[in-house]
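Undergrad: Sequence:
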Amino acid sequence: MPSSAARTSRSSLPGRSNAQCCGPTPRPSRHTDSGTRVTVTDPIPRKQDRRQQPRTRTSWSVLVKEGKNQYLSSSVDISANGAKIRTKARLKTGTTVQLELVPPEGPPLRVGALVWRVDADGLAFLFSHSIQHRLIRAI
26 MPSSAARTSR SSLPGRSNAQ CCGPTPRPSR HTDSGTRVTV TDPIPRKQDR
76 RQQPRTRTSW SVLVKEGKNQ YLSSSVDISA NGAKIRTKAR LKTGTTVQLE
126 LVPPEGPPLR VGALVWRVDA DGLAFLFSHS IQHRLIRAI
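Under my numbering, the first residue of the sequence shown is numbered 26, with each subsequent residue one higher.
There may be inaccurate statements among the hints.
Think about it this way: if two alpha-carbon atoms lie no more than 20 Å apart in a straight line, the pair counts; the simulated SDA-like pairs of lysine to any residue are [stated by the list, open to error]:
1) Lys117 to Leu134
2) Lys90 to Lys113
3) Lys93 to Thr121
4) Lys109 to Arg159
Using C-beta positions, here's what the derived DEER-type ranges look like [claimed, not checked]:
5) Arg82 to Gly131: 26 to 36 Å
6) Arg115 to Arg159: 17 to 27 Å
7) Thr81 to Ser153: 28 to 38 Å
If you're looking for bench data, these hints aren't it; they were derived computationally from the structure.
Ideal Cβ placement from N, Cα and C applies to all residues, glycine included.
Work the whole structure out from these sequences, hints included.
TA: Structure below.
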């Protein structure tokens, strides 16, 4: 039995790096004095937030326009670069749309957007350009 346990590196797996770790990193098994076999694992690391702008929780009315279809929706959160929208629109990742965000004060904000992610509770959009409004936090 080796005296020091070598750590198994996930970076040796194709398409994986330690930063992308999806589960515990196993270490080689060890035997205790009583003969019981024990496998030690590292805790699961937290998923890194890669957002460049902070999100602001909102509940603004949003009109999602895709071709000739329009869907009255509501925002969950908004940043300068994107938004999470609760909608009945059934759109696929990569679909381009026009969004009309209606803040509680001031004129509507119109921006082109791309469906970035489809979640059970709505769609995540990436804006074609940054937007600004006094109610949206900026860095």
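Undergrad: Given the range 26 to 36 Å, decide if the beta-carbon distance of arginine 82 to glycine 131 lies inside it.
TA: With a Cβ separation near 18 Å, arginine 82 and glycine 131 fall outside 26 to 36 Å, so the hint is violated.
Undergrad: Taking only the CA atoms, is the gap from lysine 117 to leucine 134 under or equal to 20 Å?
TA: Violated, at about 23 Å.
Undergrad: Starting from lysine 93, check that the Cα of threonine 121 is at most 20 Å away, please.
TA: Holds: lysine 93 and threonine 121 sit about 13 Å apart, inside 20 Å.
Undergrad: Quick check on a hinted range of 17 to 27 Å for arginine 115 and arginine 159, using CB atoms only.
TA: violated, 33 Å
Undergrad: Hinted pair, alpha-carbon criterion (20 Å max): lysine 90, lysine 113. Please report holds or violated.
TA: Holds, at about 12 Å.
Undergrad: Taken at face value, is the distance from the CA of arginine 159 to the CA of lysine 109 at most 20 Å?
TA: holds, 18 Å
Undergrad: Range hint 28 to 38 Å: satisfied by the CB atoms of threonine 81 and serine 153?
TA: violated, 19 Å
In this structure, the hints that do not hold are numbers 1, 5, 6 and 7, in rising order.
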